[in-house]
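Undergrad: Here are the chains, one letter per residue:
Number of protein chains: 2
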Amino acid sequence: MTTEEFRRYGRETVDWMADYLDNIRDYPVLPDMHPGDLMDRLPSAAPEQGESMDMILEDFEQSIVPALTHWNHPRFFAYFANSGSHPGILGEMLTAALNGNGMVWKSGPAITELEQVTLGWLRQWLGLPREFFGIIYDTASIGTMHAIAAAREMADPDSRRKGNSGRLVMYISEHANFSVEKAGMTLGLGQDNIRQIPSDEAFRMRVDLLREAMEADRRAGKKPFCVVPTVGTTSTSSIDPVNTIADVAEDYGAWLHVDAAYGGAAAILPELQNILDGAERAHSIVVNPHKWLFTPMDLSAFYTREPEILRRAFSLVPEYVKTAEDPRAVNYMEYGVQLGRRFRALKLWFVMRHYGREGACAIIRSHIEYAQKLAGLIRSHPDFEIAAPTPFSLVCFRYRGSDDDNRALLENINASGKAFLSHTVLNGRFVLRLAVGNISTRWEDLEEVWALVKQSAKKTATAG
Amino acid sequence: MTTEEFRRYGRETVDWMADYLDNIRDYPVLPDMHPGDLMDRLPSAAPEQGESMDMILEDFEQSIVPALTHWNHPRFFAYFANSGSHPGILGEMLTAALNGNGMVWKSGPAITELEQVTLGWLRQWLGLPREFFGIIYDTASIGTMHAIAAAREMADPDSRRKGNSGRLVMYISEHANFSVEKAGMTLGLGQDNIRQIPSDEAFRMRVDLLREAMEADRRAGKKPFCVVPTVGTTSTSSIDPVNTIADVAEDYGAWLHVDAAYGGAAAILPELQNILDGAERAHSIVVNPHKWLFTPMDLSAFYTREPEILRRAFSLVPEYVKTAEDPRAVNYMEYGVQLGRRFRALKLWFVMRHYGREGACAIIRSHIEYAQKLAGLIRSHPDFEIAAPTPFSLVCFRYRGSDDDNRALLENINASGKAFLSHTVLNGRFVLRLAVGNISTRWEDLEEVWALVKQSAKKTATAG
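Keeping their order, the protein sequence lines are chains D and Y. Per the numbering used here, the very first residue in the first sequence carries number 402; after that it's consecutive. Per the numbering used here, the very first residue in the second sequence carries number 402; after that it's consecutive.
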């Protein structure tokens, strides 16, 4: 492709992207298709000769777009809604063109130092202490895995050489994201050594039961080594009592990792900074700008006050990547599994500068307001009930009917293409989840989905 | 940002990218700066109010670009050179705008199915058997970690629940990429349980010593569970004898994982398909399109003939991501650590279609030809010697002088800004590495760097 062709196709692509984001309400949030439909439509082998970009872009529109779930849709309310914002997209474009790899300082001075700068900025927004060292991983799943590995290194420095001792036990709440348990499995700790502590009526970890469990394990000759509270659990966005959990963790000398992947972003609001109370005592914390800070996938921010322990857990420096030592040169590959490290900080830099703290706060605040307002409407409607507190922008609610009624209601809404909600199970009951998190979402979108919910409920009731 | 502003800044950004790639030879490959220079230049806190995109883009040019190591530069010859090609960049742009997450089929039908389609295409290009199941991970470091975790699941199905047994032993060559050892450490296997088998005079794993080591471990009550040969080692691009290693692995019932992160791409050339001989017997293999198949970072292709074992090692399906079961719907999150999964297949689809197999082969073939030709020039020059065979596009060579001479030579070249080479140590001697892998590299670039090498050597000799 010549430069002029790239310029032309690049502009065409930008125009398509602009139109897409502008007209996104016209797309069904979920595609109307069956598994395999797209595979059946596409050739079973790649072409021998190259094809024209015109044809490729046309096929993108004709075949790929109709098979998309539109995460950037303002009525995408499933899981945790997120945003690929305009400035974030511009950052990603440049990252792709530069195609750098910040494995060591020398291979990407700008990649390395902008990572330090933007994570320093974000640390201040979150109100975390100065001694927290920041590093970007792709996802919170990976960040949490690194936290637990660092915890292992602290509890059992021989493990790097000898392997797991089998004595280590980790503690999470029954509402922790399943990626925490998966990380423990991956690290070879065994599910039997991961205690899921029951939660209270507001879905927060029961600290009394945490202490009991740790004490029982210690008496049994096990070593409690890591506790992972969550700020914004996946099912309900509940907030574990980090400060009292920190007390217990300290008593047992355990690493405290705070999973604030979703909820953490809200701490940039002065009125919500207290959600991270106790996190300043943590050994590590993860917050996902790609969840609720308008940054395209993927960018997860990880902070630790023990970078040397993290480094001991992961550092291996073979000759072919050795560079001159310099106290100011961070070689990020020493702090993680991945040798390949994209230039992720660029998009975060664009986002933080474009919105500024006030702009970012205003958007997050509006999401929370919409969610609270919707929760109010649900609460005052006789046919519906709120199923969990709403500390952030996630509303958990039920139609006052059977689980099957609620299941049918959800399928109805999602099949309409007008909105995408997800679900969870709380106290054995099927519950609908509606998470506000897209930058383009307006109150009118919530009104529309609420009307749709009520209408679908009526249909469900009639059918039953 | 309004749509019209995004359109304007997007086009401006595309123009910058086009100019950058067009004029990239004018940039020094390595920046002239000291660690901390960029950090010192940037504000220590993010702005309170949002800033104009004009200002942000200007700062990008003024501050970030001069601090970049230009991986997309045609005279970037360090590590393994790669390419963010035009079609790949266009794919990344769309991925950022769509901002999808293919954790389950439903959350991204197109993400999931295009991943299946493109990895099927690539599998055919590589000549791998039909039963290989493909999945995209971010990096080969992560892919290899998943391979070893699957190997553990096969050897010790109780480990998921109980944790590592301490009996498992893994085998790599002394020239395996260090990410393999790091993956073993991360999985909690312990460095003591990773055997680095010595290599022969061509830096290939010694199969006789592999067998001896496995036998000794078995006798000692250990369980040899995983063998990782490399096709294209990082130091020299040597090729371990996969077929004979497969014989040994089979005798011990061990998982065979082939690390072809760099070299694998060359197997799309009909005349080089034999480099993967034996890989068809492997349990898994990793090949990085982001290394030598013109795909922007990050995209690593992983194949396994045992997807069910991989799934058993990683599957956890909590209620909040449960979807209807369908035999044709793959939920990729069940096959890995990461819950967040970018739409990576799109850029690979663009690249494979734009170049076609013939076009892709022509580029890789030219890289190999340039490297062979340069190796010939080096070999016939009295002051230089070739330090390792050149099966691909990586040339390992030395100036016939001391290690310090060679170190000075390398620093000289890299300080010139005209090219970036890296180094390794072979048989205790400092060796220069020159890897051809950028899509814009022409033979003239090699001539220029060869002239520079000779000139720097003269300078070094005079100084000494």
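Hint data in this document are derived by calculation from the structure and do not stem from the laboratory. Heads up, a few of these hints could be off.
Any copy, or any two copies together, can satisfy a pair, since identical chains are not distinguished.
Claimed, not checked - DSS-like cross-link-like pairs, simulated, lysine-lysine; straight-line CA separation at most 27 Å:
1. K563 - K624
2. K859 - K624
3. K855 - K723
4. K855 - K774
5. K623 - K563
6. K855 - K563
7. K723 - K819
8. K723 - K624
9. K623 - K859
10. K860 - K723
11. K623 - K855
12. K623 - K860
13. K860 - K624
Undergrad: Hints first: check each against the structure and report whether it holds.
TA: Hint check:
1. Taking CA atoms no more than 27 Å apart as the test, K563 paired with K624 passes in both settings, with 17 Å inside one copy and 15 Å between copies.
2. Taking the closest pair of Cα atoms, K859 and K624 never come within 27 Å of each other, the shortest separation being 54 Å inside a single copy and 62 Å across copies.
3. Taking the shortest alpha-carbon separations for K855 and K723, only the inter-copy value of 24 Å comes in at or below 27 Å, while the best intra-copy value is 63 Å.
4. Taking CA atoms no more than 27 Å apart as the test, K855 paired with K774 passes inside one copy only; the shortest distance there is 16 Å, against 73 Å between copies.
5. For the homomeric pair K623 and K563, the shortest alpha-carbon distances inside one copy (18 Å) and between copies (13 Å) are both at most 27 Å.
6. With identical chains, the CA atoms of K855 and K563 are never at most 27 Å apart, being 59 Å at best within one copy and 48 Å at best between copies.
7. For a Cα distance limit of 27 Å, the shortest separation of K723 from K819 across copies, 21 Å, qualifies, whereas the shortest one inside one copy, 54 Å, does not.
8. Taking the shortest alpha-carbon separations for K723 and K624, neither the intra-copy value of 36 Å nor the inter-copy value of 34 Å comes in at or below 27 Å.
9. Taking the shortest alpha-carbon separations for K623 and K859, neither the intra-copy value of 55 Å nor the inter-copy value of 64 Å comes in at or below 27 Å.
10. In this assembly of identical chains, the alpha carbons of K860 and K723 lie at most 27 Å apart only when taken from different copies (24 Å versus 66 Å within one copy).
11. With identical chains, the CA atoms of K623 and K855 are never at most 27 Å apart, being 52 Å at best within one copy and 63 Å at best between copies.
12. Proximity of K623 to K860 under the C-alpha cut-off of 27 Å is found in neither arrangement, the shortest distances being 55 Å within a copy and 63 Å between copies.
13. Taking the shortest Cα distances, K860 and K624 never come within 27 Å of each other, neither inside one copy (55 Å) nor across copies (61 Å).
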